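Those protein sequences? They're chains P and F, same order as listed. Just so you know, we're using the numbering used here here: the first sequence kicks off at -8 and counts up by one. Just so you know, we're using the numbering used here here: the second sequence kicks off at 140 and counts up by one.
There may be inaccurate statements among the hints.
[Stated by the list, open to error] Cβ-to-Cβ under 8 Å is the rule here; a few derived chain P residues that face chain F:
| id | residue |
| --- | --- |
| 1 | Asp4 |
| 2 | Glu7 |
| 3 | His33 |
| 4 | Lys34 |
Treat the hints as calculated values from the structure; they're not laboratory data. The structure displayed is predicted, hence computed values, not measured ones. Glycine included, every Cβ here is placed at the ideal spot set by N, Cα and C.
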Amino acid sequence: MLYRLLLPGPIVDLSEVRVLEWHGAPGTQFNPGDLVVELDTHKAVVEMRASSKTVLRKILIEAGEWQRVGEPLAIVSDSADEPLPERAEDLPQSSATYEMV
Amino acid sequence: MSAEPVLTRRVFFREAICLAVRETLDAEPNAIVMGQDVGAFGGSYKEFYGLFERFGPARVRDTPVAEAAMVGLGVGAAAAGLRTLVSITYMDFVLLALDPLVNYAAKARFKTGGQIRVPMVVKLTAGAKGQGVAHSQSLESWLMSVPGLRVVAPSNVADAYGLMRSALQADGPVVYVDHKRLFPTSGPLNASGHEVPFGLAAVSRPGRHATIVTHSYMVCVALAACDQLAVSGIDCEVIDLRSLAPLDLATVCTSVSKTGALLTLEEGQVVCGIGAEIAYQVQARLGPVRVSRLGAVPAPVSSNPVLEAASLPDAARVADAVRRLLTEG
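One chain only, chain F, in its complex shape (with noise of 0.2 Å):
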């Protein structure tokens, strides 16, 4: 396995991670990870491989089974002078570690009256492949309305390295959320030392009937819906969110200005979800729009790969919500 993935132009997933982690190893002494297999296994998807070799077992720390101390540990080593990355491999057991991350991480900066800081990043990996019911979910929705946390969920290869590069440099707790089903992925990477700032929506496909608003993997599946969509002429627009906290109303404001219907779409599920505020914070700025949103069905996602499959939106429910939005909306 290369531990030098910035001799190629095309990586893995997990190599634009890797990259983005080492190179700020390299240049801050204080920064530190800490996590589950983290050190010799390399992560649990390689995302962390070869920084355990090149940086020893001090600064890239294997930890035990424990989500409150290990992001309780990273809350105080960052508010005493270093900088933490505390990686959680699946998203569901960030809910053992809401207190050190909600109620300690995100408010420090406030408590002490900006005197102390907290940069974290805390990395999550969320979705659903084959998993089961505590191991699948998205919950970034959850997240998002922490006054103090930010909130980035890339989803290609160039946003992974540019989100977490931004990340590792941020004065204050960031949850990165990553993807089971991204990690498969490759694609290009270009400038060593990109950063893709917070709070700055992409355009990942232009179109002109309907915005299709959505973030980390569910990006692949509305591209996906969109290349359906286009054999009967409905050309949608996708905004790739990358950053959920803060979010970017203007480019989707600018895009559904365009477009007049919006469809939100998520992983996770819809109630109080990110397409609930986003379908608000549109209409109160646009005034009446079409809008629609589409989420996982109301029910813990399933080990059984059919019901898994049945209870997420895939490219046909996109589509089909899109066609709905346009015709009945």
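Isolated chain P, as found in the complex (with noise of 0.2 Å):
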């Protein structure tokens, strides 16, 4: 199964933030709990971790780039060899977790 990793919402007065660092390159395979971003914020850095066992596929935000709460910031799966579709948008939400550190 394949899924959209969103950027996680809302967080409060903001509505972008940027990419601070990717810890895995498409292909990287995380377990629950696993540091999968850092994401740069007004005020601190936000860490996302996989919830489940999932690959990152697609990055489609890299470190640097800007993204509005709410949208994906990178294609994951269940395993590695499900093929990638031509759209992206109608792929479901991925549920990862995330906190403020």
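Using the hints, put the two standalone chains together into the complex.
Dropping the structure here:
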């Protein structure tokens, strides 16, 4: 199953954040609790961690780029061999945990 | 969190401040930062993030909760040859430090025939954002009338950087007023080293029918009001003062000469406010014009969010004030 990894929200006062660092390249498998990506906000770093076993497939917003809250950051999947679709818009949302640090 | 905001052209408001401070500390070994939580914590709004690690505790110094002592030390250190940036998170608490700021920092050059200069920046965060009567005030008009003090207040990322650069180049005390509601904003920051000179206002939005003169976060409110007014065909010009002392009356008067109507807008009180000063100065130069001023209602800012919102100008109230100015003024 493929998913869109969305930028979680709402974040108080904030409409856009900047991707600070991806902790893996496409193909990297994450286990529950693994750090996937760190986000720079106006006041803190937000960590997004995998909530289940998941594979990073395609990064949509690279480090240093900005994205609006609620919009996708990447495409992820349950296993590494599922083919990527032409259109990502129709994919369901992935659930990831995230916390301010 | 990025310690290298220079790598991206779009930055958060806090990063613009941080970059200007960092560049100054890099260039000037005598420059230091002092304040509560400016050290390992990185500043109350993370606007000093990374400076403690880069420059160490001798140059990025956490202080006790003692504003009079903080500014007093800042004045003395600046007079003795350092360049100091003193950060007081809530502008309300500068009241504890008015004696060293007003009686020493602002007057040292005059008292000593120019022999002692006080290159000190006092950075204050103004504005209401849910924190109640004594953490929400906008008191910059109180400081505008002190000879020897310069007062600046950015409304956007580029000016946050450029005004801090200029403040940290100045040879006398500068009060740098930012705003709680500006910290979540981001925007383009073009050239490193870009300075915004004091006493130079900016036209944030050109318009024909009325001039709104304002500063800091109220620029955002004014621009939102302009969008509302544009729907009904009213085209307003917005002047962002950027510098409150000195004031750029030439830019204001050029605009009012064109539009013939002036609304002053501030988050603080209107009695003896910035608008009162501008309204007088503009009419002394241009003769009678339609003028109105808008600010907070004469009440403390409540910690109740409904009452807080009720006490301050918002886009709808600004738009109403412009309509009244044009129909009744």
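### Query
Is the shortest C-beta separation between aspartate 4 of chain P and chain F less than 8 Å?
4 Å, holds
#### Entry: Minimum beta-carbon distance criterion (8 Å), histidine 33 of chain P to chain F
5 Å, holds
### Query
Hint check: is the beta carbon of glutamate 7 of chain P less than 8 Å from a beta carbon of chain F?
Given a least distance of 7 Å, the restraint on glutamate 7 of chain P holds.
### Query
Quick one, is the lysine 34 of chain P hint okay against chain F at 8 Å, beta carbons?
Hint holds; lysine 34 of chain P Cβ to chain F Cβ min 6 Å, cut 8 Å.
Checked against the numbered hints given earlier, this structure breaks none of them.
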